[in-house]
Amino acid sequence: MSNLLVIPFLLPMLVGAVLIFFAKQHRLQRIIAGTAGIALFVYAAFLVYIVYQTKEKMIILEVGNWDAPFGIVLVGDMLSVLMVLMSSLVGLVCLFYAFKTIHSEREKYYFYSFFFFLLTGVNGAFLTGDLFNLFVFFEVTLISSYVLIANGGKKIQLRESFKYVVMNMVASAFFLVGAAYLYATTGTLNMADLGNRVATMDQQGVLNVIAIIFLFVFGAKGALFPLYFWLPKSYYGPPAVITALFGALLTKVGLYSLIRTFTLIFNQQPQFTHSIILLLAGLTMIFGVFGALSKFDIKQIIIYQIISQVGFMIMGLGVFSTSALAGSVYYITHDMIVKVALFFIVGIIIRVTGTGDIRKMSGLLKTHPMLGWLFFIAAMSLVGIPPLSGFFGKFALVVGGLDQGQYLIVAVALIVSLLNLFSMLRIFMNVFWGEKNSTTVALTNKQTFPLLRPVIPLIVLTIALGLGAEPAFQYVIGAAEQLMNPEHYINVILP
Amino acid sequence: MSFLHIAIIAPFLFALIIPFFYKKISSVHTGWFVLVLPTVLFVYLLTFIPTIADGEVVTHLLSWVPSLGINFNIHLDGLALLFALLITGIGVLVVLYSVFYLDKDKESLHNFYFYLMMFMGAMLGVVLSGNLMVLYVFWELTSLSSALLIGYWYERKKSRYGALKSMLITVSGGFAMLAGFSLLYVMTGTFTITEIIAQVDVVTSSSLFIPTMLLVLFGAFTKSAQFPFHIWLPDAMEAPTPVSAYLHSATMVKAGIYLVARLSPVFSGSSEWFWLVSGFGLFTLLWGSFNAVRQTDLKSILAYSTISQLGMIMSMLGVGSAAAFYGYKAGFTAATVAAVFHLINHSTFKGSLFMVAGIVDHETGTRDIRKLGGLMTFMPITFTISIIGAFSMAGVYPFNGFLSKEMFLESMLHATDITSFNMQSLGVLFPVIAWVASVFTFVYSMILVFKTFRGNYQPEELEKKPHEAPVGMLIPPIILASLVVLFGFFPNILSHTIIEPAVKAIYPVSLTGVEHFDIHIKAWHGFNFPPLYMTISIIAVGVLMYLTLTKWQKIYAFLRLHKKDPINYFYDGIVNRIAPIAKKITKVPETGLLRDYLAYMYVFFIVLVGYTLFHFGGFAIDTNNVAEIPIYAWVLVAIIALSAILVPFITNRVIAIIATSFVGFLVALLFVMFRAPDLALTQLLVETVTTALFLLCFYHLPELRKEKTKPVFKWTNLFISIGVGALVTTMALSSLALGNKKPFESIADYFLKNSHDLGGGDNVVNVILVDFRGMDTMFEILVLGIAGLGIVSLIKLKMNGKEDL
Amino acid sequence: MEILIAVLIGVLFSVATYLLLTKSLLRVVLGTVLLSHGAHLLILTMGGLGLGSAPLLGEEASKYSDPLPQALILTAIVISFGMTALLLVLTYRTYKAHQTDDLDQLRGRLDE
Amino acid sequence: MKNNISVHTITRIAVFIILSFAVFLLFAGHNNPGGGFIGALMTASAIVLLYISFDLQTIKKVLSFYFPYLIGTGLLIAMGTGISSMFFGYPFLTQFFDHAHIPILGNVELTTALVFDLGVYIVVVGVTLLIITTIAEDDS
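Protein chains in written order, with numbering that gives the first Met the number 0: chain A, 0 to 494; chain B, 0 to 804; chain C, 0 to 111; chain D, 0 to 139.
For reference, chain A alone in the conformation it holds in the complex:
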């Protein structure tokens, strides 16, 4: 029993609620939000430490003092607290970037409240051990995202967020459908209990179908092929910080849920279910990178990179072995860092040049070297050039895939990585190399420094996670072992 687990979503909710009262006071709002962001991050780091110290490497909380599986149980295992740590980190840097970039008009209309409510939903989704409660946290996340994505009222924003909302509402409806089916077949909603009961049921036909329904639901949230088509344009409209937040967090919630359910509950016939995941992973990578190559708008390209990377992150689950899953978990961690950094940088580039079209930019390295090199490192990390963090994730996936004889997906992953390299180099060479052209520079090099402040720790982190990959890997391998041995999870929750 440990109330430690409620803080990661209770704190942001509290802050979000409190900030409703101070919506018009910019300074106070920022002070509260900034302090809370730091506190949340520090706390999340502490939580990871605590969980790592325990014998079970896992802590749980039976909310309301009701025994599992009857009440709602919160579970902090190695994966979920890591995800909480990462989302808090993303939240923190986004917050400080938002201070510098968000217009005060937007702040007046509860921007920071929505921001923290989004974090509430995300952290809650990572920590809950109850399927229906997961649905509720999904909805918290989603409705915050609807508001954040549509706010501002640009034409493209309204148009695309309508599609975004409808797509997600349909997926949510099917979440309920899946949960209902599971309740009918097993009579429970607690995920550990579900894992337990599903494992002892002999008829797997219906359960496989339910698994596929959840694949469909979480796939739509996690932007898997062919369920991601709404994403590129709807992420394009809002300000950079929101795109960064979404790119780093929203798809991850879907992927996390996919990993959780398909290791804990739907692990009975991996040769069927996980092969489908693998197929989708490959197609997602390919279509994502083709999308990135087809665009010349820098923000669009990075948005498509979200999709392409989703394929990598889910590949480990499809391969379904400890080392591959460790690769996936590491990759998710890495991707959250790099994606945010890239979107921040892209935001600055667009601000500096006044355009998003890479064909119209040129020679920025001369005037903005810092920006250029930060972009370069982030891009190389994304592609998987060693010794940056992206490499180790990719490497673990490759070894894991080959080890399980999944040669085709490894080949696809490597070819896609090459295409990723091409797409990132194309940006670098167009934007930063070349002759300085006549486009007006809205921000001088010096003026970009305050904007770059949140980027630098992220870049340092991607380097550190690469050079110091060992502790990180000890951790993610531990997390993957927990995922591959759900009995432990079940035993802790249902003694």
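Bear in mind the hints are in silico, worked out from the structure with no lab data behind them.
Misleading hints may appear alongside valid ones.
DSSO-like mimics (lysine-lysine), calculated; alpha carbons at most 30 angstroms apart, straight line [stated by the list, open to error]:
no.: 1; chain 1: B; residue 1: K795; chain 2: D; residue 2: K59
no.: 2; chain 1: A; residue 1: K435; chain 2: B; residue 2: K795
no.: 3; chain 1: B; residue 1: K795; chain 2: D; residue 2: K60
no.: 4; chain 1: B; residue 1: K582; chain 2: A; residue 2: K154
With chain A's structure known, arrange chains B, C and D on it following the hints.
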């Protein structure tokens, strides 16, 4: 951590402080500071020669990512030392040369030396690593730093083109290599090279042996510019000349050679290895030399020449691999000895030639041999150096190139001795190709010297009045040229100190049992020595062909080789076409239509769920446990269904809204019927408020129109809709049927039992909401709260062009 | 009874899907409303429809209907109420900003 | 209709009845059908009724709450009940109840769940009214 680790890391650390030197001490050329490091490292490495010559191997272990088997182990043997000395030694000369080549006021030197040091560290890492993954890490860093160096003058379009090309090609090879190394890891459970070699049997007996070999070779061939991956090297000549001298002749391009040599013990027992390595090598040799002759740019000639020479070394390693088959007799190991020797020689003469090309460029402003000529009188020293370099390259006595060329020819003649791999018949090709390629080599070597330094002086074509280069710029090529001469006369100063340990690293004692290779290089073998006649004929035919150059050069136009290397058409074709193709592919699904996105989603749902349902035979109906249907239920359900079905047909917005609400109210009635009073009340109230909202928005909402859809769409929509509904129903029934057989209780009973005593309430639903599952409710109201605030901000927040980022 | 309601749910899902696939903003919104009705009914049905009395312990019945799905649906209803309200406002803002309710014309340019 | 006195009077009475019923539903929820959400919607419908017979300005004058604050307050109350149990060493959101004898009212059940439900009630009232008034204002 040992000094050798520090030696690898030092250049990286050094790279980081270079920008400070550049900024703080601007009066002194940054290169002078940089020069210190390679010098120290070179001297330090020299001290290992005695140890290594004694047959020892220096190893240091340092764990890095042991969870993944990646450890930063140093493995310094003869092969590694040879490369490390080349890297640091030539590094010293190149840095010195660059001090004079790059203007300290005009160039961004901090960038240049940053890249260069990064490259040097990476290269040292490649050759000193005892762990394949660490080797790979540094390998990719060489690709990266090399691309940055090629793009150093990034304002130029050609530099960017060259940088992209080299990056894409070498990294593609890198990725293949990553897969190959990982396969080795999967087979043997280790990345440590010596441990893999100890498990050769495991590797060779694996079904993945051939794919692994292909992947590793793909990496090696791309890096070492073997045909057809050689095309990046000529374009890499956009880099500043010191870079070309360093990376593109002496060090980086030899990383592939290094890898092939390093992994020879693992792969070389197979015929595939033999054929691939020697075959690609020989063809590259021929292709490179043949194409070098048609080039008009000094550096392009040198680039193709490098390609050709790399092919030559590669082919020798291939032929040498036959030794693994036949018990490591001198006759078979000779090719490998020649390979190692030529590797050294090539670095000396090619390095000096690149520097000469740089001097010519620097002093005249052009590298085009059509504009150059008659420079001998202006720059006699440079001319002398180039004579030495070019004649060594052409294989003329008494330079070192002559010796290794002769050894090469001899080993090619011995190719027919190999009794398997069909070599008795096909083996004849080896010396023939070698001879032809050597003739072309002779020709382009002559072009290089004589078109530049002899012939007519054309001052009107040159930007500057040529004169001899500054001393500092001359010292490095002079040193290299002296080595050319030195090794030519006293080749055996290398044989036991450097060459033998290197050969022993390629043929490890553990596999061969051979303790000692007898290496003695001599210039004169007597008259009964066929390579001698081959050399003489090469020179004779070469001279003839050089003199008649204009007569037969039309052949390039005839073969359509005069414009660009035909392999470039493939590369350019792919790179230029990939964006349009990607655009076409992306356009198809992303129509921007919500209808289409939803349709994909639903089709995905129907196909997968439907397939799974019928494949696993999950469908079932259980009528045992179902409730009876009273007559009013039939009526109610029929009305709900009918009013729902009507909604799509209504073209009046008010009626459509009301019909939908009607369905909602009837659902509330259903809830009453199913004994769910709270639910019924809630549904009733929510429906009321929702309807009120719809009507409030009434004036803002569009009028409905009749749908104008193509019949095809209409029918697919209908099909999809019915499919979704049918599947949901089917699954509902199947779930219920399965649930009836479940061997455990539903958790619901707990709530009924404990609600009163533990929850303190009799309305079980409410107790669940506020107590048992209070968390759900807490966040449900949060959702509602966000919706409320969201609506406010949606309506009221108007940015009016006030842009935030 | 379960079979009958299951069929009704199927009908609701079909109609909702059909509406979602149309091109009119308003019809799509109505589709989401019907979709949530279907989903809620499904949850109830999946708890079994055996007619016990309402789960009010004060009534002292021998058999009660399953309270858990009811609680879940209550939560789901509230959530979908919030979603619907937000979507409604988003719809009319979209409609006003673009002066069209035809999703065909709300594709956005293909190359942006 | 807006200035019709008899309509106003009837509305007032109706609103009073509905509001009383709403409060009853809120408190009865733990043992009988009802609860915070239902009570809140009832309250909101009463106010909507007011809106229909009077105009928006009047309503705003009568209900001088700033609705977003209502939402914040409700959320804080709901969270508060959950957090308070943590201070006593119980898991988050543990609810307590006791039966107390209060003069006049007799044996009354006191539960923390009711406070929680009150939070729900306030949020839902706040949201519903906020939505309705905001949309209505956008009309003009």
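**Prompt:** Which numbered conditions among the earlier hints are violated in the structure presented, ordered from lowest to highest?
**Reply:** Result: hint 2 breaks, nothing else.
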